[in-house]
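Chain by chain, the residues:
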Amino acid sequence: MEDTLHPNTTKEIKPPVINIGIIGWIRANLFNGWFNTLLTLVFAYVLFLTVPPFINWALINSSWFTTSEECKASGGACWSVVTTNIRFMLFGFYPHALQWRPLLAIVILIALLIYSRNRNHWRKSLAYAWAIGLFTMGLLLKGGLFGLESVESTKWGGLPLTLLLSVFGLTAAYPVGIILALGRQSKMPIVKSFCVIYIELIRGVPLISLLFMSSVVFPLFLPEGMTINPILRAQVAIIMFTAAYIAEVVRGGLQGVDKGQYEAAQSLGLNYFQSMRRIILPQALKIVIPPSVSILISAFKDTSLVVIIALYDLLKTTQTTLTDPKWMGYSSEAYIFVALIYFVCCFFMSNYSRKLEKELDTSL
Amino acid sequence: MNQLKHVVPSIVAAFCLSAGVAMAGTLDDVKAKGFIQAGVNGDLFGFAKPDEKGVWKGLDVDTARAVAAAVFGDADKVKYTPLTAKTRFTALQSGEVDVLTRNATQTLSRDSSLGLNFAHVNFYDGQGFLVPKALGVKSAKELDGASVCVLPGTTTEQNVADYFRVQKLTMNPVVIENTAELSKAFFAGRCDCMTSDASQLAGIRAVAPNPSDYTILPEIISKEPLAPAVRHGDDQWLDIVNYSVLALIAAEEMGITSANVDEMLKSTDPSIQRFLGVTEGNGKALGLDEKWAYNIIKQVGNYAEVFERNVGTQTPLMIERGLNALWNNGGLMYSPPFK
Chain A
0 MEDTLHPNTT
10 KEIKPPVINI
20 GIIGWIRANL
30 FNGWFNTLLT
40 LVFAYVLFLT
50 VPPFINWALI
60 NSSWFTTSEE
70 CKASGGACWS
80 VVTTNIRFML
90 FGFYPHALQW
100 RPLLAIVILI
110 ALLIYSRNRN
120 HWRKSLAYAW
130 AIGLFTMGLL
140 LKGGLFGLES
150 VESTKWGGLP
160 LTLLLSVFGL
170 TAAYPVGIIL
180 ALGRQSKMPI
190 VKSFCVIYIE
200 LIRGVPLISL
210 LFMSSVVFPL
220 FLPEGMTINP
230 ILRAQVAIIM
240 FTAAYIAEVV
250 RGGLQGVDKG
260 QYEAAQSLGL
270 NYFQSMRRII
280 LPQALKIVIP
290 PSVSILISAF
300 KDTSLVVIIA
310 LYDLLKTTQT
320 TLTDPKWMGY
330 SSEAYIFVAL
340 IYFVCCFFMS
350 NYSRKLEKEL
360 DTSL
Chain B
0 MNQLKHVVPS
10 IVAAFCLSAG
20 VAMAGTLDDV
30 KAKGFIQAGV
40 NGDLFGFAKP
50 DEKGVWKGLD
60 VDTARAVAAA
70 VFGDADKVKY
80 TPLTAKTRFT
90 ALQSGEVDVL
100 TRNATQTLSR
110 DSSLGLNFAH
120 VNFYDGQGFL
130 VPKALGVKSA
140 KELDGASVCV
150 LPGTTTEQNV
160 ADYFRVQKLT
170 MNPVVIENTA
180 ELSKAFFAGR
190 CDCMTSDASQ
200 LAGIRAVAPN
210 PSDYTILPEI
220 ISKEPLAPAV
230 RHGDDQWLDI
240 VNYSVLALIA
250 AEEMGITSAN
260 VDEMLKSTDP
270 SIQRFLGVTE
280 GNGKALGLDE
290 KWAYNIIKQV
300 GNYAEVFERN
310 VGTQTPLMIE
320 RGLNALWNNG
330 GLMYSPPFK
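So the protein lines, in turn, are chains A and B.
All residue numbers for the first sequence refer to numbering that gives the first Met the number 0, where the first residue is 0 and numbers rise by one.
All residue numbers for the second sequence refer to numbering that gives the first Met the number 0, where the first residue is 0 and numbers rise by one.
Keep in mind that the hints were calculated from the coordinates and are not lab data.
Be aware that one or more of the hints could be misleading.
[Unchecked claim] Label pairs and their calculated CB-CB ranges:
#1 A:358 <-> B:157: 45 to 51 Å
#2 A:338 <-> B:137: 39 to 45 Å
#3 A:39 <-> B:165: 56 to 62 Å
Quick caveat: nothing in here was measured; it's all calculated off a predicted structure.
Built from N, CA and C at the ideal position, the CB exists for glycine as well.
Please build the complete structure, drawing on both the sequences and the hints.
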């Protein structure tokens, strides 16, 4: 009778418990149909086989701050190889007492990168902040001013070197790549053929051979006794290489811009530079964000190839640590650590590119 | 045409002359800049490798330090350039380094056509085999059909291939790029035996999960006299590097160590007096301070000290003196008289 007295109130009937919540999700996604059920069971079994032993090895039986002998006894992961050698792995030959300087430089770099993530912060002041920040980082690494002890670039190594080669390599390669892409589209035959030859030559050889040329062949052409900083040589090789790839990606973007846009720009009376600067490039670069980020990511990882010219980047300092008979047996742990650092950096880049793509998306 | 005949040789002569002039004074160059730039390995434990603090340690490093002690009276005046097997000789030829102490094997072609001069050998090495005891092999000649773990790109790979061919045996090389990975693969059973320089095998065995399961075969299949190298055409610099190495050996022969070198200054033995510069002459002949050998021994030690500290039986490498013992102990280390 109650119900009839209040005909407007409807009793809310919940769906069956097996159709909602976690159980519902599991049913809908993992056990819908015999094939998916089978896959789920197989994967669950594989995870059961691999994950507990891994956790056991990596966390439960692991040793963190021990000597290598104690590591051997424990049988688990030996993270001590990382904790004991961390300063050499991260900073290479940088004088032990001065290692706060590269650390501070890295912190400044990360702070600037995080701050620049937000496009609302993109003002002129940010450009100045970058200029000052980069200068400070250079000063911290190099020293020699304001009472900072001078440290030669041959002693730079580890993470600062990796970041230095990638950050400067990528920021310098991008504008060069854009110029090359524009040059390749140019109607001036000399400019065009120069750009085509450059791009095809560089893309036709592996980075490792460019690095090798820069360190082995190039010095033989220099007058006796004249040497150029090996870091600079590697940096130039990386810039030249990355620029060629960026150029091709940007060219793709330029071709992706509708012909009408070029014509519209011309009909407005804009000259070449104005139309490129105001109309074409903003659209073209937006199209090519995903491929350029993948080039940046691979270029970042490619910096580890400088090992062949004996620069001590992050990977090389790790490998050097592992040549010590005390730690030779624990390469997996050390490489996992390095992989994590690389992963964090690359993930940051790709994450940021997705964010940027979304923000710049003007389509409806 | 006639003119051309004269022009060409004079250009060549001019080039040679300028090259000669530029190369002549490594000692002066080194003194002017205040340090020695040494090319080293960087990855070879016991020979040249930075420790946890980034301080260079090793037998090759100590050799470079000996040269610095001779030239400057201060063994710390060395800067190290880590070089790969591929870049090492270019770095020396182009003047990037003043001396190459990078476990380089002295060979005829390197000595001649590469334009290098080798000083006295600072380590006699050779290539050997490491096998699991379970394999039941007593000699390398029983390794027919074995899979062999080997590093690529060095003479090691070539040597082992040559050895198996000469012995009419077959082998499957398992080539892995770096030592840490190579030894891991070997201990995981990827190959039947592992070959490397004998100086490395004991150290590699030491990192095995159970070192006593492995044994080093008696055969040494190659000669690897490792020696410091300098550029052709600078005899004074070659002499200095050469006698810096020999001073280490001579000091061991005479029983002079870093601990007793100050007492030895009072020795009445004329050969010791000449060696330590009490009786003058040697330093002047080399263009160095008369105390040059004293400084080497005081700051670096004699050859036995250098050897035991870096690669000897108390280190993880556990290398016996063997060929590197003094000549009167059955080794090859022999120093000419210092007079």
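Legend entry - residue 338 (chain A) paired with residue 137 (chain B), Cβ distance criterion 39 to 45 Å: holds, 42 Å
Legend entry - Range hint 45 to 51 Å (beta carbons of residue 358 (chain A) and residue 157 (chain B)) holds or violated: Roughly 58 Å apart at Cβ, these two residues miss the hinted range, so it is violated.
Legend entry - Beta-carbon spacing of residue 39 (chain A) to residue 165 (chain B) - inside the hinted bounds 56 to 62 Å or not: holds, 59 Å
The structure fails hint 1 only (numbered hints given earlier).
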